[in-house]
Amino acid sequence: MTSVAIFKWAMNPHDERIGANGAIKWLANRPEIGDDDYLAVQVAKDADPNGEVVGLTMASGDTAFAAARGAERTVTVEGLDAFAQPTQVAAALANAVREVDGASLVTIGDSAWSPMTPSLLAAYLGWPCLLAVDSVVPEDDALVVTRRYGTGTQSVRVSGPIVLGVAARREEAEKPGMRTVLQARKKPVGKTHAATEGSPQLSVSGIHEPDARPSKVFDGADASAAAAQLVSALKSEGVL
Amino acid sequence: MGNVWMIIADDLSASSVAGVARASGREVDAFVFGPAARAEQVARYGVSSVTRFDVEAAPAEGFAKDFAHRALEERPAAVVLSDDATARVLAGFVAAELHAPVATSVVSIAFDGEKTTVEQMVAEDAGVQVLEATGPVVCVVADGCPDAEEAAPMTVQEGTLDSFASFGVVSNEAAGAGATGLATAERVVGVGLGIGAKENLAMVDELASALDAAVTCTLPLCDNYHWFEHSSVVGTSTQKISPRLYVACGVSGAPQHLAGVRGAKVIVAINNDPDAPIFRECAYGIVGDVTKVLPSLVEAIENA
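Protein chains in written order, with this note's numbering: chain G, 1 to 240; chain H, 1 to 304.
Source of the hints: derived by calculation from the structure; they are not laboratory data.
Just to be clear, a hint being listed does not mean it is correct.
[Claimed, not checked] Chain H regions said to be covered by chain G (calculated; three or more residues, Cβ under 8 Å):
#, region
1, 163-173
2, 189-198
[Stated by the list, open to error] So, partial list: chain H residues that the calculated Cβ filter (under 10 Å) puts toward chain G:
#, residue
3, ASP83
4, VAL89
5, GLY92
6, GLU132
7, VAL140
8, GLY159
9, THR160
10, LEU182
11, LEU201
12, ALA202
13, GLU229
14, SER231
15, SER252
Don't be surprised by glycine CBs; every beta carbon is placed ideally from N, CA and C.
The following block holds chain H by itself, in its conformation from the complex (with noise of 0.2 Å):
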């Protein structure tokens, strides 16, 4: 059987996509939609190969039919992705073109011959199934798998293919100064219903400064109280963040939440409430009054 393949055509979970396909054993081709920045990055995941497809003029989705009669050719043991839309329209006619099976929440791929075993996780994390195919399967992978080592850096191949779709891009909009901050930020600080006043969010604000971090907030404080823009929230219908640090003070830990933050490497929680779902999901958590907790914790960071 082949090698895995992975496809990537976002930024933010491209190591941990690597880290589930490496993890296999198998020797890993990574396919990458978009800039070049973005494959050079995926090169240095200590992947064998990868091709680069450029899409600044047409869509990605455009390609999923050429592309899935490149993966019949050449039959990858296994394709794995993350929840990336971009990603998952390719994958859906790999899977059908293959005749392959499809999998979510993976986080972990082994092979025995012709046989494929998949673990992914079930019933909101509280177990692992572990699934079993002949030939081929479909991964997507879970949210905050590890990150692939980085290795020496592969020379990136510009690939091309032929789009079956009549579309034309007409424009392209940036986002919002929040969204664009956080997507990219290294620290995240998050607030949620737990804050209690409007006044508090300085204590929030004091803490993202101490720890030059951005600050993101639940959906219902931007939806019924309005205290942040649309731009600033983060979860299943906004967007999703990986920071190396996300603080959550006063987030219960909904799952519309969570879904935009496992992506984070540590998460912390602070919250008055020790059975709040959020202290199921964090590394590090405070059980205690946000209010009282935050100016020790700005203290605290200010003399470390």
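Same shape as in the complex, but just chain G (with noise of 0.2 Å):
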């Protein structure tokens, strides 16, 4: 099997500002890797430990993250800004898995970051898609895929091509050294432009100020009056 690990494709809110004239600007201008981006390349690892792992990626600078975990050889999508939108980023995805001869799983971060990019990419490639997901196992010639499921979990059997998107529910225990990361730095890396043509966009028409959030904040320097105060503000809201 033929597996790409997508990492290092969303933009982190965290860099996004308004600026003094009152538009969006980006402190940095390419995505960084997300918290979901490790588990992504090791369920693609686990899906077949016989099969070869492409990781993708969005970014420039340092590529060797999928490489330093497995993969035998990473693509760079280039082309989009941090200004692009969930859909040209899928359509973007979409037209470089398509490029990698032979892929059947995509394993993706299912990233708070950018909710609605994986299924995105599932959809434009016309693949089956499940989000959250834990873990896989290869199971015959399909996989049992478990996922996160109203409060608990759901193992699903797969079979045919599809789009994982993955949610990691820890930090990477154990990140690869320094020796394995300079040694991935040899691996193969190609590059593909970002084909985006036709995408379906929004129109940017203005940016204001949220409505004021009532927030009342009471001096905790006398406990008791600031406890009384909160409680007689919490029956008036009725959730006491």
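Got two chains here, each in a separate frame; can you build the complex from them with the hints?
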């Protein structure tokens, strides 16, 4: 099986600011490594320990993240900036996946930074999709995918091409060492141009301040008085 | 143009999704994936129709293509949903089929002829960006939007869709007791690193007891200190909650944690750092030593 593990593809909203001219500006211009990215690579490897894993990224700079975790090679998608909309990012990723011969599994972080991109990617590929995935176990010619479901988990047997949105519950336990990273930087890296022609987009017509949030903060120097004021307020809200 | 569609596949955010959908001024068609009780609750949110799809034997994600075909036939004016994982898969296929743009953190939708205007929170809620498109837009609703007012219930219709995926449910595993209680609790007390020492957790338990509340924690108290089970953590990488009251004790307000509690109707913060981000998110706060405030708060609640 050939799997594509997507990493470093979403902008970190912490870098989004409102500039002096009232327009959005980004402190960074390229995606960052997401909390789920390491698990996207791990799940791609787990799906077929003997298969090929290809790393795919929207970032520039150091692109050895997936290679240092077992990917044989990496493809970088160039041509989009921080203002790219989810439909554009998903279209660019879908086109890049189509260029990987024999790819039948895509793993991508189910990132809160851009929550619609993984399912748009699946839709543009025409492949089924499961999100909030914990883990994958190969079983005969299928995969048993465990994902968060309701307040628990659900295991689903899937066969055929699929996009899995992976959601890490914890930080990566053992990051690759410097020696591994240096070796990974010698693995092949290809480039492809972001093909986003015809992607539907929204146009920005303005920006304004949000409605003021009615926040009431009490001075806790006198704890008893502050507690009494808070309880009175909560009773008025009807939540006590 | 058609009605607004809402896709509901979880219980936590249906009311606020319906609130945004109804505020658009258009008639609302609700499509509910899951148990009958979920559909019956959605039927009380003032929608024009409710169609339920049973997903007990086959995951809803397999229906995504057929559902998108239906959207292409009926041409909804907009599609609204929460950030629930199943709803996002369905909406992704609808967006692709309708050739529609997508917006997240949406707080309002308005229509003027064929023009659709969407407002979304940006820059970590520091601003509201106004976006426009011609035709339908798929909108993921921001956490904490106002709930829909309840109305006379509509009759729930049962729907069927064809699956395009080779999916088979192998097993369902229930969550740990902590997670189950948090998902349904009307009041939740949260604890963060600001609580100081482990013995201070007894004060948190006393407050939870006085409020009849469940207890949750931030990720470091689980991963680094091992004071709580993982099922008790709320945040981006764990679970989201939407109680009527959330009391954050010694919680600074890291984005990872706030993403899990923004669905709470009233957030209360107790922290000794007046610049802590939690004070920008809360409705009420006390700036003070949490170990001194908590006993007073318990006493005030018991005397109320």
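Failing hints, ascending? 2, 8, 9, 11, 12, 13 and 15
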